[in-house]
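**Q** Using the sequences provided together with the hints, build the complete structure.
Protein sequences appear in the order of chains A and B. First residue of the first sequence: 141, per my numbering; consecutive thereafter. First residue of the second sequence: 2, per my numbering; consecutive thereafter.
Just so you know, the hints here were simulated from the structure itself, not pulled from any lab data. Incorrect hints may have been included.
FRET-style restraints, in silico, Cβ to Cβ [claimed, not checked]:
1. 86(B) <-> 215(A): 33 to 41 Å
2. 319(A) <-> 25(B): 19 to 27 Å
3. 336(A) <-> 45(B): 30 to 38 Å
4. 224(B) <-> 412(A): 35 to 43 Å
The C-beta atom is built at its ideal place from N, Cα and C for all residues, glycine as well.
Spelled out from the first residue to the last, the chains are:
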Amino acid sequence: MTDVTRPGLRPSRIAIYGLLILACLVYLVPLFIMLVTSFKTPMDIRTGNLVALPTEWTTIGWTKAWSQACTGVQCDGISGYFWNSFKMTVPAVMISTLLGAFNGYVLAKWKFRGSDLLFGLLLFGCFVPFQVVLLPMAATLGQLGLANTTPGLVLVHVIYGVAFTTLFFRNYYVAIPDALIKAARLDGAGFFTIFFRILLPMSTPIFMVSLIWQFTQIWNDFLFGVVFASGDSQPITVALNNLVNTSTGVKEYNVDMAAAMIAALPTLVVYIVAGKYFIRGLTAGSVKG
Amino acid sequence: MEHTQRRPAGVVSAPSRLLDGLQRWLPKLVIAPTFVLIGIGIYGYMLWTGVLSFTSSSFLPTYDFVGFDQYAKLMANDRWLTASKNLAIFGGLFIFACLFIGVVLAIFLDQRIRQEGAIRTIYLYPMALSMIVTGTVWKWILNPSLGLEKLMHDWGWTSFSFDWLVNSDLAIYTIVMAAVWQASGFVMALFLAGLRGVDSSIIRAARVDGASLPLIYWKIILPSLRPVFFSAVMVLAHIAIKSFDLVMAMTAGGPGYSTDLPAVFMYAHTFTRGQMGLGSASAMLMLGAILALIVPYLYSELREKRHD
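**A** Set out below in structure tokens:
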């Protein structure tokens, strides 16, 4: 449908480009404001305005956010929480993706009685609002001695992420011809051999989708972090919220914005490097099949 | 994985029969842990919360049942009514604005635009950000003294005043703005993918018949994208009902509780105000809202698949 626009419609072309560029500005301006504010001095922020460039560029906001800013009662910056988020995100992403790959393989290629029902239950699990599981989960984590720990958060993210990863892999493997699997089985290849020798080598794209989707989801999560973690085990999103919304002392917007940038950078970098897979994950999550 | 390979074809010995049995059970064994986790973590806990919503639990779960008391209390609770009303305002505006912006941008981007990839990347990057980051930035932009207002004053519009963030009647709209900024690019991506799937011969035929391009979009192309509309509305409504982070970051429900959404209400009552029964009841109503949306959707999806 790209070949329907007639050449020679100059004014309408200009209008189209104009609107598209205007929209680009709208999407980019908040990022721009966040960046320039983070490099300003507090003085500059009071005298200048949102989009004015700093009169004097300084990284004081960044260093302060990283190592001195107060998040609630403690004042040693957000660096510790930044690493907390990594320690939580990396294992949770790995485990949920691996589980999802095996589950997807079973649900697509080793169907058994009731496997479709299981898939339905999983699919529905993607939609459940987490509010209905928070309280029992908090009680369970307490019983297991995992309350307010990073392993506890990993467990939570694995449980509530595996429905999505299974969906990704199942839909990917369904498209692979059954004949391929049958032939391998006739040759005597077993469950794991088929997975590792045949499916795994062609699974790179869907692994990318799952890894990136899970990374973004788990890194950006706030609800589980604020409910199941406290103090030293909090992830970066919770720390950022505490930093921005503590009412003690003078508000330092350059520190707030630097902290927001720090919290945003890992997912932004992933998006810029592998945006293609991120978009596939987004659309796979909404348009199933 | 190795043993099955080493087995010579055609030779069936006792251990290999055992292995065959194992092979049959292997898929179920592999998937079992997930279903234990999901079974407990989603369905078991859902039931548990349901049970708690019929108890008088306050700071700790207790099991003296009070019937539908908590639900009755909820319906008479001012804060809950505000939260529900806010969800209607927020959800309605959020879905409508995202759809409108998303469709317009997708159609415009579908006109053989140079640098389309770069533009798409720009529209979609907010989806990669945490809602807490988005909220932090928008809170700063909308800051009543140093934000947008000061910018307009500096640019010469001295009578400009913008205090929505701290105005209890208008604060909910600032949340809509930030949410639309974050999610509209995603809707654009959905529709762009849909537009790319439209058969171009239909459009060429319509052009030959003398139909104008806007008319073709309005009468032919958009109606054919109905499934995309449904998917987008589903996802957006889902985001709206679960919205929590953005409110916490921008207003924490304030001023007062004027920007409370059900998710914020649930969190506050369950975890900080010691009203677990009431909080559980609110969670169950949220589940009910999602079910009312999802069940017909999944039903029609599955039925369509069967017809194919």
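**Q** Taking the hints in turn, state whether each one holds.
**A** Verification of the supplied hints:
no. : hint                          : in the structure
1   : 86(B) <-> 215(A): 33 to 41 Å  : holds, 39 Å
2   : 319(A) <-> 25(B): 19 to 27 Å  : holds, 21 Å
3   : 336(A) <-> 45(B): 30 to 38 Å  : holds, 33 Å
4   : 224(B) <-> 412(A): 35 to 43 Å : holds, 36 Å
The earlier numbered hints are all upheld by this structure, with none contradicted.
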